[in-house]
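Peer 1: Full structure from sequences and hints, please.
Line order of the protein sequences matches chains A and B. No gaps in the numbering here: position 41 of the first sequence is 41 in the UniProt record's numbering, and each next residue is one more. No gaps in the numbering here: position 319 of the second sequence is 319 in the UniProt record's numbering, and each next residue is one more.
Please keep in mind that the hints were generated in silico from the structure rather than gathered at the bench. Possibly wrong hints are sitting among the right ones.
Stated by the list, open to error - Here are the simulated distance ranges between beta carbons: (1) B:A208 <-> A:I169: 51 to 57 Å; (2) B:P337 <-> A:R166: 27 to 33 Å; (3) A:Q42 <-> B:A295: 31 to 37 Å; (4) B:S184 <-> A:D305: 37 to 43 Å; (5) A:R203 <-> B:S105: 53 to 59 Å; (6) B:E235 <-> A:I262: 25 to 31 Å; (7) B:A51 <-> A:P342: 52 to 58 Å; (8) A:H175 <-> B:I169: 45 to 51 Å; (9) B:A232 <-> A:I46: 43 to 49 Å; (10) B:S105 <-> A:I169: 53 to 59 Å; (11) B:S105 <-> A:N23: 18 to 24 Å; (12) B:Y55 <-> A:S16: 19 to 25 Å; (13) A:S171 <-> B:I169: 26 to 32 Å; (14) B:G3 <-> A:L43: 20 to 26 Å.
Glycine included, every Cβ here is placed at the ideal spot set by N, Cα and C.
2 protein chains.
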Amino acid sequence: MVGMRDVAKAAGVSLSTVSLVVNNTGYVSADMRAKVESAMRQLNYIPNELARNLYRNRTNTIGVIMPTIAHPFFSTLTAHLQREFAARDLKTLLCSTADTDKGESEYIDMLQRHMMDGIIMAAHTEHPADYWTSIHRPIVAFDRTLGEGVPVVRSDHEQGGRLIARQLIDSGARHVVLVGGPRSQFAEGTTFPTIRYHLTVERLLAEAGIACDYVEAGTVADIAAHEATACAIFEQYPDVDAIVGSDVVASVALQEASRRGIEVPADLQVIAYDGTLMAETAGKRLTAIRQDFPAIAAALAVRMDSQIAADGGPASPSKNDSASNVDTQPTPEEVIPVALIPGETTR
Amino acid sequence: MVGMRDVAKAAGVSLSTVSLVVNNTGYVSADMRAKVESAMRQLNYIPNELARNLYRNRTNTIGVIMPTIAHPFFSTLTAHLQREFAARDLKTLLCSTADTDKGESEYIDMLQRHMMDGIIMAAHTEHPADYWTSIHRPIVAFDRTLGEGVPVVRSDHEQGGRLIARQLIDSGARHVVLVGGPRSQFAEGTTFPTIRYHLTVERLLAEAGIACDYVEAGTVADIAAHEATACAIFEQYPDVDAIVGSDVVASVALQEASRRGIEVPADLQVIAYDGTLMAETAGKRLTAIRQDFPAIAAALAVRMDSQIAADGGPASPSKNDSASNVDTQPTPEEVIPVALIPGETTR
DNA sequence: CTGAAAGCGCTTACAG
DNA sequence: CTGAAAGCGCTTACAG
Numbered sequence: 001m002v003g004m005r006d007v008a009k010a011a012g013v014s015l016s017t018v019s020l021v022v023n024n025t026g027y028v029s030a031d032m033r034a035k036v037e038s039a040m041r042q043l044n045y046i047p048n049e050l051a052r053n054l055y056r057n058r059t060n061t062i063g064v065i066m067p068t069i070a071h072p073f074f075s076t077l078t079a080h081l082q083r084e085f086a087a088r089d090l091k092t093l094l095c096s097t098a099d100t101d102k103g104e105s106e107y108i109d110m111l112q113r114h115m116m117d118g119i120i121m122a123a124h125t126e127h128p129a130d131y132w133t134s135i136h137r138p139i140v141a142f143d144r145t146l147g148e149g150v151p152v153v154r155s156d157h158e159q160g161g162r163l164i165a166r167q168l169i170d171s172g173a174r175h176v177v178l179v180g181g182p183r184s185q186f187a188e189g190t191t192f193p194t195i196r197y198h199l200t201v202e203r204l205l206a207e208a209g210i211a212c213d214y215v216e217a218g219t220v221a222d223i224a225a226h227e228a229t230a231c232a233i234f235e236q237y238p239d240v241d242a243i244v245g246s247d248v249v250a251s252v253a254l255q256e257a258s259r260r261g262i263e264v265p266a267d268l269q270v271i272a273y274d275g276t277l278m279a280e281t282a283g284k285r286l287t288a289i290r291q292d293f294p295a296i297a298a299a300l301a302v303r304m305d306s307q308i309a310a311d312g313g314p315a316s317p318s319k320n321d322s323a324s325n326v327d328t329q330p331t332p333e334e335v336i337p338v339a340l341i342p343g344e345t346t347r
Numbered sequence: 001m002v003g004m005r006d007v008a009k010a011a012g013v014s015l016s017t018v019s020l021v022v023n024n025t026g027y028v029s030a031d032m033r034a035k036v037e038s039a040m041r042q043l044n045y046i047p048n049e050l051a052r053n054l055y056r057n058r059t060n061t062i063g064v065i066m067p068t069i070a071h072p073f074f075s076t077l078t079a080h081l082q083r084e085f086a087a088r089d090l091k092t093l094l095c096s097t098a099d100t101d102k103g104e105s106e107y108i109d110m111l112q113r114h115m116m117d118g119i120i121m122a123a124h125t126e127h128p129a130d131y132w133t134s135i136h137r138p139i140v141a142f143d144r145t146l147g148e149g150v151p152v153v154r155s156d157h158e159q160g161g162r163l164i165a166r167q168l169i170d171s172g173a174r175h176v177v178l179v180g181g182p183r184s185q186f187a188e189g190t191t192f193p194t195i196r197y198h199l200t201v202e203r204l205l206a207e208a209g210i211a212c213d214y215v216e217a218g219t220v221a222d223i224a225a226h227e228a229t230a231c232a233i234f235e236q237y238p239d240v241d242a243i244v245g246s247d248v249v250a251s252v253a254l255q256e257a258s259r260r261g262i263e264v265p266a267d268l269q270v271i272a273y274d275g276t277l278m279a280e281t282a283g284k285r286l287t288a289i290r291q292d293f294p295a296i297a298a299a300l301a302v303r304m305d306s307q308i309a310a311d312g313g314p315a316s317p318s319k320n321d322s323a324s325n326v327d328t329q330p331t332p333e334e335v336i337p338v339a340l341i342p343g344e345t346t347r
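Peer 2: Take a look at the structure:
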């Protein structure tokens, strides 16, 4: 491997001069620069990023922790995140928990060992808040509360709930089935804000006197379970006339309705929550609550910027129980609006 | 940051002893080990991976170059790749060209700068073969030929074509429309083997005297174009009675057929090529040629293993025009069988 | 403006 | 079995 030393020797200059040229830093006379550049070309010199990484204690890599990239929600989110990061010269490392049998802890470990500069946390976690707040490295949460000092970006699920409820009420729905994650996630103080749309829908429908049942699908990574759940709805609630669930659930429910000869939207309305590509490729264009992926990704990246800036900032005075390198402002929570995109599956 | 030096000092031993304990290498007496371990715990020592990376000239990271992770084909492939890599303690770096406006060259550059140990190349490329063969670092191609010394793993698209043709012939199709990438990719010596299934289908249908038209969809990353194309088919070929395209194209075509009141599969058959989750969430379960993602990922990972082993191997004798660190056996091409999964969209 | 030196935090021969 | 030393390939104060 040809290194800076070789270039320096060939150009007849010192190591530091080569470094200055490579990094385009400081002042180097024109002919020095020329000599170095020609030597670099001659030798086909390529700087080794690992050495820089060590010196700077940075990898310019952000990990994205999520259940599985195979789920359209996360692949869409990740695509947008990658765009934001790339614009900042940051790389995107895939950290799927379901695709690898690695838990979040292993990825956090990698963060601690400086294999990444920060982490976007978008998977469910069972860790108590003090686990997350004790990490003292750049973390930004997507759609879940991890404790003081960990900024959160999420969609406005209450608004999503209101939009769904209004649609259902206005169109005269009478028996709504909501499909979502395990009901245990609804506990007070849950880290999992997604379910707020369910709570909002339930409340508003109750006020309007509309029947509303909740059906548990498996966890987000268990896509087969979603399919089974969607089909089972029709057995369990033969008079259902509206189904609300993720894009996957909604698509499969729509397919099953068609199989049973149920008219959509006349006899059954279907609303998808997420609004990924899959909402457009189902049997009909699904009416969907669309999460604003570009805005979410942009907000996450901005938060990450400041977490990283704080991390690189003034070293903490070594009393590691009281001080942190990372921003500990009262947890900022940024809420991104959603929109109801009318499709062919609602009246 | 607490480093090995601090641990050594606290434990009253030398740096190397700490290193031996951390890496669990060589022989360390029990009480030495105990002292070191307690010091590590005390100080909450976490090894800095960057230093190791520099020494070993390795990052244990594989980049996956693809058009966009938002496309179900690539998100599925990537999920499986990540599983294989994780089992080998390798991380997966996302390298989407369409999601970042970065070309493959930028990712290859990162490979050269040792920011990754290897690359899986699964995007289309306009570079001539000598570009790829001149890189001399671990690269494994998925479904495209990049030149001597770059191993290829691909699905058996000829078999896929035969399965499709047989299905269409046996079911009495009379006017088939094939949807695929730009026809220019069909040139002799193309780097893009995917289109072989189109060629096979065309040939077999011609032999059977069945009409077959080819319609160009946009590039794989341009999903909106796929949707438009699928709809346009019905205008352009009113008597079409079978459509073959990617999962996305097939799903949208099926949706459009339903909108037009066309009976599937009685009056129109639809076959999806890929067999991702999306083939299951369309209006009906799509009959699909399923690419064997687990097998593909496994094969890619095995090839990557040996490319990396060769890369770390004996240094080339510095005559960089004749020798390479990387395996230059006659290009191995591994062909993975596909399967036709019957669904509700064929007769 | 340029060069010699120290150092990023670890690992690994090599003596003892 | 343990320690002192050199080194991974670069960067950045610091003298000249």
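Peer 1: Taking the hints in turn, state whether each one holds.
Peer 2: To see whether the hints hold, each was checked on the structure:
no. : hint                          : verdict
1   : B:A208 <-> A:I169: 51 to 57 Å : holds (56 Å)
2   : B:P337 <-> A:R166: 27 to 33 Å : violated (51 Å)
3   : A:Q42 <-> B:A295: 31 to 37 Å  : violated (45 Å)
4   : B:S184 <-> A:D305: 37 to 43 Å : holds (42 Å)
5   : A:R203 <-> B:S105: 53 to 59 Å : holds (54 Å)
6   : B:E235 <-> A:I262: 25 to 31 Å : holds (30 Å)
7   : B:A51 <-> A:P342: 52 to 58 Å  : holds (56 Å)
8   : A:H175 <-> B:I169: 45 to 51 Å : holds (47 Å)
9   : B:A232 <-> A:I46: 43 to 49 Å  : holds (47 Å)
10  : B:S105 <-> A:I169: 53 to 59 Å : holds (55 Å)
11  : B:S105 <-> A:N23: 18 to 24 Å  : holds (21 Å)
12  : B:Y55 <-> A:S16: 19 to 25 Å   : holds (23 Å)
13  : A:S171 <-> B:I169: 26 to 32 Å : violated (46 Å)
14  : B:G3 <-> A:L43: 20 to 26 Å    : violated (34 Å)
In this structure, the earlier hints numbered 2, 3, 13 and 14 are contradicted, and the remaining ones agree with it.
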